[in-house]
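Enquirer: What follows is each chain in one-letter form.
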Amino acid sequence: MNIMSQEKLEEAVSGGMTAKPNEVIKMQGRKVGVFYGDKQALFDVDLDVRQNQVTALIGPSGCGKSTFLRCLNRMNDTIDSARVTGKITLDGEDVYDPKIDVVELRARVGMVFQKPNPFPKSIYENVAYGPKIHGLAKNKAELDQIVESSLKKAALWNEAKDRLNEPGTGLSGGQQQRLCIARAIAVSPEVILMDEPCSALDPIATAKVEELIDELKQNYTIVIVTHSMQQAARVSQRTAMFHLGYLVEEGATDKMFTNPDDKRTQDYITGRFG
Amino acid sequence: MGEHTVSSFDQDLEHIDKLIREMSDLAASMVRDAIRALLHTDAAAAQRIISEDAVMDAKQREIDDSAITLIAKRQPMAQDLRAVLGAIRMAGDLERIGDLAKNVAKRVGAVGEGSTPRGLSHGIDDMATLVLAQIKGVIAAYAARKPEDLRTLRVDDEKIDLKYTSVFRELLTYMMEDPRNITACTHLLFCAKNLERIGDHMTNIAENAYYVLTGSQLPANRPKQDETATTVLAE
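Here the protein sequences line up with chains A and B, keeping their order. Residue numbers for the first sequence follow UniProt numbering, so the first one is 1 and each next one is one higher. Residue numbers for the second sequence follow UniProt numbering, so the first one is 1 and each next one is one higher.
Hints in this document: simulated from the structure, not taken from any laboratory. Treat the hints loosely; a few may be bogus.
Only some residues are given here: those of chain B computed to face chain A with a beta carbon under 7 angstroms [stated by the list, open to error]:
no., residue
1, HIS4
2, THR5
3, ASP17
4, MET77
5, ASP80
6, ALA83
7, GLY215
8, THR228
Don't be surprised by glycine CBs; every beta carbon is placed ideally from N, CA and C.
Using the sequences and the accompanying hints, generate a full structural model.
Expert: In structure tokens, the structure reads:
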């Protein structure tokens, strides 16, 4: 006969299916809308970003996922015609509050882009630039320390330590992307936004960045936009699916890729769209 | 199932689905024919069933190969992933059903040699009817994508278990009545046990099929009516 009670058994079965969620909400979007001129690109998005977790934003091109990502550190401010409605908070604080210093916000919410874009300077200078302008180091020794620890966290130290004064643009594509991650880390952000960080990288460099993302989530909260379903499934704990400017579905990644609730999510991740 | 942007993905999935249907049909006919051969002492039919088991094994290997290739090439997600994994598992159960039917067929000679009274086999006939209905029902529910039917059918396995317990008692009684029945009855007992196992494999298949169709698992517990492990006959 069964030695486990029905309840225990079901708990044991379901316990293996989903990891225990981290419930601390680091960033929160409520009724977020974005207009480019008259055209609305994002509609009423309610989304929570949990602390020390990787949240993946997926969906077909033009679905609004990058637009939403760029709202989180006000990158849309740089586009003249862009207008953001609704509310986005970081630790409960409205990031669109006029009192907020945008430069400081972007230090707390860093960003890594699709194409590696190191400054045309040395590897050292690329990483040291942010801490310098934010006054994070009192002297050269402290700055050296920040550069070293950032490159270590970005898993680039061993490859770069003997060529710190060589130009960052001389690194390989994958190394350049990790340099950009080191540059983002150097100003001690709390959240790192990544916009298709691996789309210009080969599979080996991609694997290194994914491994890095996995390590980084212990200290940072990560939001990643990706076109690779497998990548979203591999690196994230939460997945949000966007379509035509709407948030279709958000949930635990394990569930989203085995048994999503929404037909559109199902069609997209299984390759049945359009 | 269909409508992938890449249509060859649909073809790959349909191929696996077709193999599962073929294995299901073969399993049903092997069980039906094995019981018929047993009840009519038909050695030629028994031989044919024994050789059909090789076909079953080959189909299972083909499903494994196709499924692994599909996973490697297409990285299926959601219902596609469940369908592929479900096919691998269902093929395993169907292959075992083939083995059990073959085992019944192998006993045809041994049971038939003695002058077995027909009466000994009535219970088995009834049991086989239940098992065959179970196989047909599960195959039809899966083909028609009806998970609720599968949930109901899974519970039907208890009827087979009840019947098995009664066949078990019946055969023990015959053996006590006349020791010359022991050889035939022991073989028939194994045949009944095989039918009961086939019922269990069909339950697995129903549970698997339910998961493939819905993405959620049926509760782990279901009623169990096989009491033969504790059955004794009073003097």
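Enquirer: Taking the hints in turn, state whether each one holds.
Expert: Right, here's what the structure says about each hint:
1. Interface hint at HIS4/B: satisfied, since its Cβ lies 5 angstroms from the closest Cβ of chain A, which is below the 7 angstroms cut-off.
2. The criterion of a C-beta within 7 angstroms of any C-beta in chain A is met by THR5/B, whose closest approach is roughly 5 angstroms, and the hint holds.
3. The restraint placing ASP17/B at the interface with chain A is violated, with a minimum CB-CB distance near 15 angstroms, outside the 7 angstroms limit.
4. With its C-beta approaching chain A no nearer than about 4 angstroms, MET77/B sits inside the 7 angstroms limit, and its interface hint holds.
5. Interface hint at ASP80/B: satisfied, since its Cβ lies 5 angstroms from the closest Cβ of chain A, which is below the 7 angstroms cut-off.
6. Interface restraint check for ALA83/B: the shortest CB-CB distance to chain A comes to about 10 angstroms, outside 7 angstroms, so the restraint is violated.
7. Satisfaction of the interface hint for GLY215/B is found here, the shortest Cβ-Cβ separation to chain A being roughly 3 angstroms, below the 7 angstroms cut-off.
8. Given the 7 angstroms rule on beta carbons, the hint for THR228/B is violated: about 15 angstroms separates it from the nearest Cβ of chain A.
Hints 3, 6, 8, counting from the list given before, are not met by this structure.
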